[in-house]
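Number of protein chains: 2
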Amino acid sequence: MQNFTFQNGTEIVFGKGVEEKTGEKVKEFSDRTLFLYGQGSIKKYGIYEGVVSSLEDSGIETVELGGVQPNPRLGLVKKGIDLCESNDLDFILAVGGGSVIDTAKAIAIGVPYEGDVWDFYESDKTVEKALPVGTVLTIPAAGSESSSGSVITKEEGGYKRDVGSEKIRPKFAIMNPEFTYTLPDFQTAAGAADIMSHVMERYFTNEPDVDFTDRLSEATLKTIVENTPKAIEHPESYGPRSQIMWASTVAHNDLLGTGREEDWASHKIEHELSGMFDVTHGAGLAITFPAWMKYNYQKNVERFAQFAVRVWNVDPDFFSLEETALQGIHELEEFYKSIGLPTRLEDLEEEISEEEMKEMAAKCTEDGPVGNFVELNETDVLKIYKLAQ
Amino acid sequence: MQNFTFQNGTEIVFGKGVEEKTGEKVKEFSDRTLFLYGQGSIKKYGIYEGVVSSLEDSGIETVELGGVQPNPRLGLVKKGIDLCESNDLDFILAVGGGSVIDTAKAIAIGVPYEGDVWDFYESDKTVEKALPVGTVLTIPAAGSESSSGSVITKEEGGYKRDVGSEKIRPKFAIMNPEFTYTLPDFQTAAGAADIMSHVMERYFTNEPDVDFTDRLSEATLKTIVENTPKAIEHPESYGPRSQIMWASTVAHNDLLGTGREEDWASHKIEHELSGMFDVTHGAGLAITFPAWMKYNYQKNVERFAQFAVRVWNVDPDFFSLEETALQGIHELEEFYKSIGLPTRLEDLEEEISEEEMKEMAAKCTEDGPVGNFVELNETDVLKIYKLAQ
Numbered sequence: 001m002q003n004f005t006f007q008n009g010t011e012i013v014f015g016k017g018v019e020e021k022t023g024e025k026v027k028e029f030s031d032r033t034l035f036l037y038g039q040g041s042i043k044k045y046g047i048y049e050g051v052v053s054s055l056e057d058s059g060i061e062t063v064e065l066g067g068v069q070p071n072p073r074l075g076l077v078k079k080g081i082d083l084c085e086s087n088d089l090d091f092i093l094a095v096g097g098g099s100v101i102d103t104a105k106a107i108a109i110g111v112p113y114e115g116d117v118w119d120f121y122e123s124d125k126t127v128e129k130a131l132p133v134g135t136v137l138t139i140p141a142a143g144s145e146s147s148s149g150s151v152i153t154k155e156e157g158g159y160k161r162d163v164g165s166e167k168i169r170p171k172f173a174i175m176n177p178e179f180t181y182t183l184p185d186f187q188t189a190a191g192a193a194d195i196m197s198h199v200m201e202r203y204f205t206n207e208p209d210v211d212f213t214d215r216l217s218e219a220t221l222k223t224i225v226e227n228t229p230k231a232i233e234h235p236e237s238y239g240p241r242s243q244i245m246w247a248s249t250v251a252h253n254d255l256l257g258t259g260r261e262e263d264w265a266s267h268k269i270e271h272e273l274s275g276m277f278d279v280t281h282g283a284g285l286a287i288t289f290p291a292w293m294k295y296n297y298q299k300n301v302e303r304f305a306q307f308a309v310r311v312w313n314v315d316p317d318f319f320s321l322e323e324t325a326l327q328g329i330h331e332l333e334e335f336y337k338s339i340g341l342p343t344r345l346e347d348l349e350e351e352i353s354e355e356e357m358k359e360m361a362a363k364c365t366e367d368g369p370v371g372n373f374v375e376l377n378e379t380d381v382l383k384i385y386k387l388a389q
Numbered sequence: 001m002q003n004f005t006f007q008n009g010t011e012i013v014f015g016k017g018v019e020e021k022t023g024e025k026v027k028e029f030s031d032r033t034l035f036l037y038g039q040g041s042i043k044k045y046g047i048y049e050g051v052v053s054s055l056e057d058s059g060i061e062t063v064e065l066g067g068v069q070p071n072p073r074l075g076l077v078k079k080g081i082d083l084c085e086s087n088d089l090d091f092i093l094a095v096g097g098g099s100v101i102d103t104a105k106a107i108a109i110g111v112p113y114e115g116d117v118w119d120f121y122e123s124d125k126t127v128e129k130a131l132p133v134g135t136v137l138t139i140p141a142a143g144s145e146s147s148s149g150s151v152i153t154k155e156e157g158g159y160k161r162d163v164g165s166e167k168i169r170p171k172f173a174i175m176n177p178e179f180t181y182t183l184p185d186f187q188t189a190a191g192a193a194d195i196m197s198h199v200m201e202r203y204f205t206n207e208p209d210v211d212f213t214d215r216l217s218e219a220t221l222k223t224i225v226e227n228t229p230k231a232i233e234h235p236e237s238y239g240p241r242s243q244i245m246w247a248s249t250v251a252h253n254d255l256l257g258t259g260r261e262e263d264w265a266s267h268k269i270e271h272e273l274s275g276m277f278d279v280t281h282g283a284g285l286a287i288t289f290p291a292w293m294k295y296n297y298q299k300n301v302e303r304f305a306q307f308a309v310r311v312w313n314v315d316p317d318f319f320s321l322e323e324t325a326l327q328g329i330h331e332l333e334e335f336y337k338s339i340g341l342p343t344r345l346e347d348l349e350e351e352i353s354e355e356e357m358k359e360m361a362a363k364c365t366e367d368g369p370v371g372n373f374v375e376l377n378e379t380d381v382l383k384i385y386k387l388a389q
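Those protein sequences? They're chains D and C, same order as listed.
Going by the numbering used here, the residue at position 238 of the first sequence is 238; the numbering climbs one at a time, nothing skipped.
Going by the numbering used here, the residue at position 37 of the second sequence is 37; the numbering climbs one at a time, nothing skipped.
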């Protein structure tokens with residue numbers, strides 16, 4: 001087990017009707033906030049009204065900015081920065097899923113910074129200051145509501161890059177599982193793959209003596225595997241929806257990575273895909289993660305066998321742990337298929353050429369090899385894209 | 001699943017050599033601290049030197065107070081309050097286990113309060129102000145290093161009472177698993193029972209739709225069950241010691257109780273025991289918890305069957321979940337015995353008379369019934385003490 005520090009002070013306000021507390025929570029930090037949201041589904045499903053009336057009750061002045069897209073774009077971030085500056089706003093309230101929250105974080109960094117906010121995404125530049133961010137979560141997937149990270153796509157060149165800093169960890173996350181009742185099945189499924197990937201990026205490590213976080217991770221994975229099909233079958237069921245929503249936060253609040261070397265190659269391999277082709281991030285992960293596994297499981301067959309047995313209830317074959325390991329990967333793929341996700345590049349609408357794969361592999365590794373479980377160079381990444389065909 | 005709020009901002013600094021950061025961490029809050037410790041084992045095993053030199057390096061002025069006993073006493077709390085007042089100290093550094101940390105928290109409440117600090121323990125009086133507390137943990141058991149609670153015993157009458165407030169949640173917890181290498185086996189075992197009890201007090205609930213926290217709880221329990229015998233057999237093994245230490249914190253940092261109605265009757269029943277007879281708290285719990293289970297399992301046989309199967313690998317008897325449930329309780333008792341803990345009152349050194357049991361049952365319920373899984377009145381509690389004979 002590696003040395004670690006862990007601190008996550010995001011206040012989680014969870015349950016039915018908690019959106020009524022939005023105004024009161026914002027008020028702890030500011031009277032003037034940017035109200036950021038996505039494609040308008042919050043207006044269709046009544047979430048908007050609840051949040052607005054709570055903000056009004058607390059006397060919070062708001063300036064609205066809608067239109068955040070999946071794989072959120074730098075352009076809207078800059079618009080948000082301008083709005084904050086011209087209206088003297090000093091808080092960012094994100095109402096939506098990971099894309100909205102990541103955009104909020106980017107705006108929060110950009111406002112007090114004199115240069116181009118993209119500087120933080122394309123380099124290791126340290127975030128010194130950021131406005132406080134609060135969230136009302138509507139899609140359990142990205143875990144951004146209590147994480148220290150933000151992922152933004154620069155339109156020019158399709159670069160999808162991330163930044164991490166304690167300064168952008170949200171102050172609070174307001175989470176009403178009922179808000180997820182109206183999610184399309186595909187989005188529920190893609191969310192599940194995103195959540196599971198956050199756990200698996202940490203799970204696949206060569207670090208010894210990590211039993212506790214192994215078991216917590218397996219617990220989280222099983223929760224998603226059991227509850228996602230239920231949520232898809234009965235979208236308005238509080239039980240499964242609440243399990244998924246809370247698990248999505250814990251999956252990415254840093255707890256499950258404590259003491260471990262994390263991997264994150266599958267995410268980087270996916271980021272090229274959704275950066276260039278605008279694939280839903282979770283769906284992209286359902287393609288890249290199993291391919292990454294097939295390419296790398298032999299590095300630590302025992303760990304993959306443990307994954308198969310403990311998460312997927314595979315009967316272990318002690319005479320061939322390799323068989324057991326492969327069965328676990330197969331179960332993961334079958335699960336993704338069963339909830340309607342693509343698991344191969346050919347399942348996507350857009351056809352991806354050999355040339356494009358080469359371009360993605362080159363961009364993915366342009367800062368050097370990716371991953372820690374196994375370090376992958378450009379050739380490895382290209383082979384993984386090919387395995388995913 | 002119930003609505004909940006969850007926030008735990010304690011900074012965990014975990015691993016080998018982390019005591020070197022003590023001074024730097026204290027410095028974030030103060031230049032003048034009370035240095036509180038227990039019976040002097042920290043001096044025997046070199047922990048003291050590491051902490052002192054780190055405090056010196058950061059230029060922190062300290063006033064020392066040693067002598068905290070297990071089941072910590074109000075008398076020493078008052079001595080600490082006086083020392084802080086007369087030396088103008090505005091930070092409390094607790095170096096030790098739960099007793100030292102709970103004492104630190106009591107002092108932290110007492111310094112800015114004009115009345116008797118016991119007021120907070122014997123009533124529901126709200127803590128308005130407290131000095132900041134930091135900890136260097138040496139015994140994984142109580143979970144006090146990141147919890148909002150403190151338990152103190154008033155010598156007169158042997159009352160053991162608690163207080164809970166966000167104001168006393170420690171700012172940081174410095175946790176080096178190597179510090180636990182020298183723990184006597186009995187203390188390692190009693191710590192395990194304490195940790196497991198913190199999980200089980202939350203696990204045994206009638207709240208539906210709590211799969212996620214069920215699974216996280218089972219993960220934590222399995223970690224303790226697997227690693228405690230290893231730590232006892234090989235005291236200087238970093239793997240098991242680190243798993244136990246981190247699990248002890250997570251067991252009581254509020255995560256595992258999110259969305260659940262918690263019970264806490266077994267703790268209250270035990271508090272009377274260790275309040276009157278000075279039994280080690282964890283050892284007392286190894287006696288009261290199985291007895292509580294035997295008295296109450298029929299309220300929710302399914303949950304006890306799940307506990308048996310998932311934590312203890314009991315083969316479920318679907319034709320008699322009751323058998324399965326009882327087997328789980330039996331496994332817990334056998335585990336406690338296997339690590340050298342008492343599981344019956346008769347295993348204790350002091351003999352406890354019928355009259356004394358009656359007195360404990362009366363004191364335990366003097367503010368009304370205890371517990372939530374099943375509400376227990378004085379008669380019930382007496383029956384549980386008798387079941388524990």
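I should point out that these hints are in silico values taken from the structure, not numbers from a laboratory.
Bear in mind that the values here come from a model prediction, so they are computed numbers and not experimental data.
Beta carbons: idealized from backbone N, C-alpha and C, even for Gly.
Careful, some of the hints might be misleading.
On the chain D side, residues computed to face chain C include the following (Cβ under 10 Å) [unchecked claim]: (1) ASN3; (2) ILE12; (3) SER41; (4) ASN206; (5) PRO208; (6) ASP214; (7) SER217; (8) LYS222; (9) GLY239; (10) LEU255.
Verification of the supplied hints:
no.: 1; hint: ASN3; in the structure: holds (3 Å)
no.: 2; hint: ILE12; in the structure: holds (4 Å)
no.: 3; hint: SER41; in the structure: violated (24 Å)
no.: 4; hint: ASN206; in the structure: violated (15 Å)
no.: 5; hint: PRO208; in the structure: holds (7 Å)
no.: 6; hint: ASP214; in the structure: holds (8 Å)
no.: 7; hint: SER217; in the structure: holds (8 Å)
no.: 8; hint: LYS222; in the structure: holds (6 Å)
no.: 9; hint: GLY239; in the structure: holds (4 Å)
no.: 10; hint: LEU255; in the structure: holds (7 Å)
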